[in-house]
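J.: These are the residues of each chain, in order.
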Amino acid sequence: MAFKVLKPGMLTLLQDLGRHGYQHLGVTSGGPMDEVAFRWGNALLDNPDNAPQLEITFGMLSLEATQPTSIAIAGADLGATINGEAVMPWQTYEVKAGDVLNFQQPKFGLRAYLAVKGGFLATPVLGSVATVTRESLGGFDGKGSKVQKGDLLPFHATSNHTPRHLPRLAIPNYEQAEIDVVTGYQYARFSGLDRARFFNSDYTLSQNCDRMGYRLEGQAVGQDQPGIISEGIAYGAIQIPSDGNPIVLLRDRQTIGGYPKIGCVTSISGGFLSQKKPGDKIGFRFMTIDQAERERHLTLARIHQWR
Amino acid sequence: MKDNQASAATATPIEISLVSDQACLLQFSNVISDAVADQISLVTTALRELEGIIDLIPSYTTLLVVFDTSCFDRFAIQKALQGVLASIDWSSAGNRVSQEVVIPVYYGPEVGPDLEDVAKHCQLDTDEVIRLHSTTTYRAYAIGFTPGFAFLGNTPEALHVPRKTTPRLKVPIGSVAIAERQTAVYPSVTPGGWQILGRTPIALVNWASDSLALINAGDSVRFEPMTKEEFLAQGGNLDGF
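Residue numbers (UniProt numbering), protein chains in the order written: chain A, 1 to 307; chain B, 1 to 241.
Heads up, some of the hints might be wrong.
[Claimed, not checked] Cut-off 20 Å, straight-line C-alpha distance, at most; resulting in silico cross-link-like pairs (EDC-like, lysine to aspartate or glutamate):
(1) Lys143(A) / Asp210(B)
(2) Lys96(A) / Glu85(A)
(3) Lys79(B) / Glu85(A)
[To be verified] Residues of chain A placed beyond 12 Å of chain B at every Cβ, according to the derived structure:
(4) Pro48
(5) Pro154
(6) Pro167
(7) Arg168
(8) Thr255
(9) Cys264
(10) Val265
[Said to hold, decoys possible] Derived, one-sided and incomplete: chain B residues facing chain A with beta-carbon distance under 8 Å:
(11) Gln22
(12) Leu25
(13) Thr62
(14) Leu64
(15) Ala76
(16) Gln78
(17) Ala80
(18) Glu128
(19) Arg139
(20) Ile143
(21) Thr146
(22) Phe149
Honestly, the hints are just simulated from the structure, not real lab data.
Note that beta-carbon positions come from the ideal geometry of N, C-alpha and C, so glycine has one too.
Using the sequences and the accompanying hints, generate a full structural model.
T.: See below:
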């Protein structure tokens, strides 16, 4: 009733939809970097929306099943194989005891999601199993540990398997380099020139990109702005520190901060950004809040209707 | 009507702005004050009753509201927030009953490596630094940086010191520190650039307990000096520097 970890991979974490309701205590939300891929993973297996999955960043992961189950792979194509045979994401697969599942290296995207029928089993901490290593919360051990060699990742075994796959049109295109941004209440602090530069420049993802945030390099905007009084930080907030290079704050962000923000990456676009790697180039695209809202509703409705 | 009530209690009306497709920010003022902090506490408490709110992050002059997009759209959330603001009895803001938290601290050279430097910078002796720090009642304006890290203000003017030029890579758990107008206790081992005066033996966070964190935003906090013997008897340790 488990996967045995033969190789732990670069960064493999247990995630659910996040730890909500504790940010007033400084506890970050965690949760899947690519929420849409995660939701599809559970939809493919007809799991509850919040059923725990593995978030596999980059790959190099090797798992051996000790019992049969049905799995779904969603998100990035990390060159996955079952017993050496290539398997594509956005589908379910039957797994038997002794089968070996490998994730090699990114072909498209950066983070894959591995769902098992019924979800991986772990005890929630503060209402969630989302692993936040910095805070020592969540994960299979409840202490924020990432998946390690020799770990047993438990699930309820099942021989019931239903082959399912996403319609081709529903599969996200991770090559998309345009990231949608809604401008917020602090946009007015930035000059017309800074706004034009921000929306018309390419930015390169720096080496400092992790689950907390993505630090970008390129056209600096709004350098040396005075700080603001520290305030709560929303998912996707784009902070401008004094060097003018934007930082997009993601799932494991700090809960409060004092840098001015030029805008906020939409909840759907944040998933696309999270599939990018250091060195990749992106551009920001203006989106109105009603477009952002509509896009989220349509995306979630599509998943629910497909179920 | 509601706007009149809000502006009667505040210098500026509370502004509601959409931050993203999932979050709104309530801006209470541009200036930090106890009156503003009282209002934020009041609104935070009132919003806890509202179904469909995922997270509330109170800070010095703002309250970030994260909402469930399956319960609210951009119009409904603003309407719901305005409704709650309109129903608040602002006159009770001043006489709120806040929790008072007393934190015992051993102010000693083994655990307070910056005590001497702070005294020198402030032109005081170390006893006076300890007296000033422990006779002030602070307010928890915001929680953040790490889980349970409470930004407490304000320190007496005579104790205002800058952050250290080079932050420490590992500040021991329980360290009590000051920087500029603020003071705080480090709930976990993290990097930190504040000036460390002492250490408390008590835990700031305990996720297994019902209260979770010792200090919540809006609480009053005092520090009480303890001897080295009391510190050790309560399980304090002197390691870390």
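J.: Should the interface hint for Phe149(B) be scored as holding, given a Cβ-Cβ cut-off of 8 Å against chain A?
T.: 6 Å, holds
J.: The hint names Leu25(B) as touching chain A; please verify it with the least Cβ-Cβ distance against 8 Å.
T.: 6 Å, holds
J.: Going by Cβ atoms only, is Ala76(B) closer than 8 Å to chain A?
T.: 11 Å, violated
J.: Hint validation: Leu64(B) versus chain A, beta carbon distance must be below 8 Å. Holds or violated?
T.: Check passed: Cβ of Leu64(B) comes within 3 Å of chain A, closer than 8 Å.
J.: Hey, does the Arg139(B) contact hint survive, CB to chain A under 8 Å?
T.: Arg139(B) check fails; min Cβ-Cβ to chain A is 15 Å, beyond 8 Å.
J.: Close enough to count: is the Cβ of Gln78(B) nearer than 8 Å to one in chain A?
T.: This interface hint is violated because 11 Å lies over the 8 Å limit.
J.: Next item in the hint list is Thr62(B). Is there a CB on chain A closer than 8 Å to its CB?
T.: 4 Å, holds
J.: When the nearest CB of chain A is found for Thr146(B), is that gap smaller than 8 Å?
T.: With Cβ-Cβ at 6 Å, under 8 Å, it holds.
J.: Next pair to validate is Lys96(A) with Glu85(A); report whether the Cα-Cα distance is within 20 Å.
T.: Cα-Cα ~14 Å, so holds.
J.: Straight-line Cα separation of Lys143(A) and Asp210(B) no greater than 20 Å?
T.: Within the cut-off at roughly 18 Å; holds.
J.: Minimum Cβ separation between Arg168(A) and chain B greater than 12 Å?
T.: 27 Å, holds
J.: Does Thr255(A) clear chain B by more than 12 Å, comparing its Cβ with all Cβ atoms of that chain?
T.: 5 Å, violated
In the structure shown, a violation is registered for the earlier hints numbered 3, 8, 9, 10, 15, 16, 17, 18, 19, in ascending order.
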